[in-house]
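For the record, the sequence lines run as chains A and B. According to our numbering, the first sequence holds residues 1308 to 1484 in order. According to our numbering, the second sequence holds residues 13 to 191 in order.
Because the hints were derived from the structure by calculation, they are not lab data. Errors might be hidden in some of the hints.
[Stated by the list, open to error] With a straight-line Cα cutoff of 30 Å, these simulated DSBU-like cross-link-like pairs (lysine-lysine) come out: (1) B:Lys129 with A:Lys1311; (2) B:Lys99 with B:Lys129; (3) A:Lys1342 with B:Lys167; (4) A:Lys1311 with B:Lys167; (5) B:Lys167 with B:Lys129; (6) B:Lys167 with B:Lys99; (7) A:Lys1417 with A:Lys1342.
[Unchecked claim] Computed far set for chain A versus chain B, every beta-carbon distance over 12 Å: (8) Leu1313; (9) Glu1323; (10) Leu1343; (11) Val1406; (12) Ser1415; (13) Pro1425; (14) Arg1431; (15) Thr1437; (16) Gly1445.
The beta carbon of each residue, even a glycine, is placed where N, CA and C say it ideally should be.
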Amino acid sequence: MRYKELDQLLHESLREERAEARDLLEGMEHTVTVKLASRLSGRPSWRKWWRMLSHPPLAMRGAVAVGIVLALAVGFLAGRMWGPGGFGFEETTGTMFAVAAPQAESVSVKGDFSAWEPVNLEDRGSGVWTAVIELPPGRYEYAFVVDGRWVGQDPVADEYVRSFGEYASVRYVEGDR
Amino acid sequence: MAEDELELVQRSLDGDLEAWGEIVSRYKDAVYGVAIAILRNRADAEDAVQEAFIRAYTRLRQYDLTRRFSTWLLTVTANVARNMLRKRRPEPPQRFHWPEDPADVMREEQLRELVRKTVWSLPDLYREPLVLRYWHDMDIAEISEVLRMREGTVKTRLHRGRALVRAQLAEQGVMSNAL
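Can you make the complete structure from the sequences, with help from the hints?
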């Protein structure tokens, strides 16, 4: 067999492998961006927390045990002393929208709930911009605008939709699916 | 680097994860090809793809804009895959079982399947450059950069890898070894 024929056979064989990989790689964009968002927001994934708590390093085990006891004690005391109406903390209701954008100058959210007019988010000083919006039960499509740029995929969204070539996020409020 | 790709990288550096998602979409096939060339296992390769994109994002500030982005990304992937390989328990050498009567007229798709399995059964040092060449049509210079070997070594290993595939197929009577 000539090498040219073998080359063609090698190309065709590996092309089939590529075709089979397509299903495996479906949704990889979403998986990667969700994991990155979790890391960047400083919220460890539940697996990381579980690993830390179930297998703490030897040197930390004593400290972890004392920490758990103290946390339980403080929680107990807090529940007794600072219950509803204690220090006047207001309960927050509404739906939180948040974006990690430490270098942005302006961030807003727009969606069904605002007739797609921008609602400004506030930077609390840590580079995380937030807004809490009261939303009645329902399905809401929305997107962020970061320094004029459309950011349609919110990692905590329930799903994404794509229309006119742009992504938007979807949230369901109070289980209306 | 293509202008729109530069813009995606810049936006990613600014924290725009959607831009990075677009990069993932464009390169996941190529990244998977490098991962499976090294790991030979689909599930491991899938994990390596995820890890490679995450690592590349966190190291994006170290990316040299004068360098081709795809080469840099695939180099990160090769490093991730090799690390996973080191942590994996060594596998027994793969033995490929040939059909009982290879002299039978073989359908084309069977032949391609046999070629694929032969490629996966090659030793690492021949399989990796071979897959990068025939999966991605990568040139010698890029293979050399991604796999961190001299160009002369890449050429030698491509020749030998190809010769090994041919010899194995010929040994089983599937095709003639004569040029």
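Against the structure, the hints come out as follows:
Between Lys129 (chain B) and Lys1311 (chain A), the direct Cα distance comes to roughly 20 Å. Compliance with the 30 Å bound is thereby established for this hinted pair. For the given pair, Lys99 (chain B) sits about 24 Å from Lys129 (chain B) by alpha-carbon distance, which is consistent with the 30 Å threshold. Under the criterion of a C-alpha separation no larger than 30 Å, the hint pairing Lys1342 (chain A) with Lys167 (chain B) is inconsistent with the structure, at around 39 Å. Proposed proximity of Lys1311 (chain A) and Lys167 (chain B) is supported: the alpha carbons are some 16 Å apart, at most 30 Å.
At most 30 Å may separate the alpha-carbon atoms for a hinted pair to count; Lys167 (chain B) and Lys129 (chain B) meet this at roughly 22 Å. Taken as a hint, the Lys167 (chain B) and Lys99 (chain B) pair is honoured in the structure, with Cα atoms around 29 Å apart against an allowance of 30 Å. Restraint check for Lys1417 (chain A) and Lys1342 (chain A): the C-alpha separation of about 24 Å stays at or below 30 Å, so the hint holds. The non-interface label for Leu1313 (chain A) is inconsistent with chain B: the shortest C-beta to C-beta separation is roughly 6 Å, within 12 Å.
Glu1323 (chain A), annotated as away from the interface, has a beta carbon of chain B within 12 Å; the closest lies near 6 Å. Not every beta carbon of chain B lies more than 12 Å from that of Leu1343 (chain A), the smallest distance being close to 6 Å; the non-interface claim is violated. For Val1406 (chain A), the shortest C-beta to C-beta distance to chain B comes to about 8 Å, within the 12 Å cut-off, and the non-interface label is violated. Once the 12 Å rule is applied to beta carbons, Ser1415 (chain A) is consistent with being away from chain B; the minimum gap is 15 Å.
The Cβ of Pro1425 (chain A) sits about 17 Å from the closest Cβ of chain B, beyond the 12 Å cut-off, so the non-interface label holds. With a closest Cβ-Cβ approach of about 16 Å to chain B, Arg1431 (chain A) is found to remain outside the 12 Å limit, as its non-interface label requires. Residue-level check passed: Thr1437 (chain A) sits 15 Å from the nearest beta carbon of chain B, beyond 12 Å. Non-interface call for Gly1445 (chain A) relative to chain B: holds, since the shortest CB-CB distance, roughly 24 Å, exceeds 12 Å.
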